[in-house]
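Enquirer: Sequence:
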Amino acid sequence: MKNNSNVLRGRVIAITGGARGIGFATASTLRALGAKVAIGDVDEVAAKQSGADIDVFPRQLDVTDFSSFTTFLDDVEHELGPLDVLINNAGIMPVGLLTDEPDAVTRRILDINVYGVIIGTKLAAQRMVPRTSGHVINVASLAGETYTAGLATYCASKHAVVGFTDAVRVENRKTGVHFSTVLPSFVNTELTSGTTGIKGLKNAEPSDIADAIVDLIINPRPKVRVTRLAGALISSQKFMPRVIAEGFTTLFGGDHVFTDNVDTAQRKAYEDRARGER
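In the UniProt record's numbering, the protein residues as written are 1 to 278.
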């Protein structure tokens, strides 16, 4: 931890969706290691409160709005200095069958989870490439390497983030700027409230993802999966016949986690916010 602190001390790091969950845990961990951290969140009140709680620079940010994202990064660099790392963490996960999903929700998932990541990556790269240094870390999901009933549009959005980040990474191999993807499994945040996870697999904690991101900043590489066990299981499915891979998903309850095994009352507050209903 002491060595980590030396490496990260003074680094300027901006995190989207930083007021809660993985974003907040990551901001807290990086701040404790001496980084200069900014958080952006669409919920301005929550951003200010979280910023005060852990002594980081807070700003309201709508990741789907080019002007808002530009202003956010301008403010970060004006207040803290040239941007070293952008963590595109903001994302939503409404659950349910595609046939029940309002078109407004479909568009909202894609706007936040995909377009927001593209905007952030582009704006950060435009600042970093001329300086020949920097790191963009896009938080995807293991759903970006597999597929799950009840998460059709979410899976599509995370597959997009994985492919997009790899393509941008290849484009910038010789620029000195790193591009990485983080793929969490089930994480104990409000995003997974009212769901039970996969049988036999322990859910990750926000601090686990934060630690993985810290390690990724210190030791850049294209991709990291958290937890390792969940990541290994998802990766191994690529080498199985489809009927066997899908059979394992059914065996472990994956067909029902986001469909008929959801505690809708426990999940309501998150779903309302994710769907833009409050």
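No wet-lab data here; the hints were simulated from the structure. Honestly, I wouldn't trust all of these hints.
Computed beta-carbon distance windows for the label pairs [what the hints assert, rightly or not]: (1) Leu-229 to Asp-166: 42 to 50 Å; (2) Phe-66 to Ser-193: 28 to 36 Å; (3) Gly-200 to Asp-53: 29 to 37 Å; (4) Arg-278 to Thr-70: 24 to 32 Å; (5) Ser-207 to Ser-236: 20 to 28 Å; (6) Thr-70 to Arg-242: 29 to 37 Å.
In silico BS3-like cross-links for lysine-lysine, where the CA-CA straight-line distance does not exceed 25 Å [unchecked claim]: (7) Lys-223 to Lys-268; (8) Lys-48 to Lys-36; (9) Lys-174 to Lys-268; (10) Lys-202 to Lys-174; (11) Lys-199 to Lys-238; (12) Lys-122 to Lys-199; (13) Lys-238 to Lys-174; (14) Lys-122 to Lys-202; (15) Lys-174 to Lys-48; (16) Lys-223 to Lys-238; (17) Lys-202 to Lys-223; (18) Lys-223 to Lys-36.
Ideal placement from N, C-alpha and C gives every residue a C-beta, glycine not left out.
Enquirer: Hint by hint, note whether the structure agrees.
Expert: Evaluated hints:
no., hint, verdict
1, Leu-229 to Asp-166: 42 to 50 Å, "23 Å, violated"
2, Phe-66 to Ser-193: 28 to 36 Å, "31 Å, holds"
3, Gly-200 to Asp-53: 29 to 37 Å, "35 Å, holds"
4, Arg-278 to Thr-70: 24 to 32 Å, "27 Å, holds"
5, Ser-207 to Ser-236: 20 to 28 Å, "26 Å, holds"
6, Thr-70 to Arg-242: 29 to 37 Å, "43 Å, violated"
7, Lys-223 to Lys-268, "32 Å, violated"
8, Lys-48 to Lys-36, "16 Å, holds"
9, Lys-174 to Lys-268, "46 Å, violated"
10, Lys-202 to Lys-174, "39 Å, violated"
11, Lys-199 to Lys-238, "20 Å, holds"
12, Lys-122 to Lys-199, "39 Å, violated"
13, Lys-238 to Lys-174, "30 Å, violated"
14, Lys-122 to Lys-202, "35 Å, violated"
15, Lys-174 to Lys-48, "38 Å, violated"
16, Lys-223 to Lys-238, "16 Å, holds"
17, Lys-202 to Lys-223, "21 Å, holds"
18, Lys-223 to Lys-36, "24 Å, holds"
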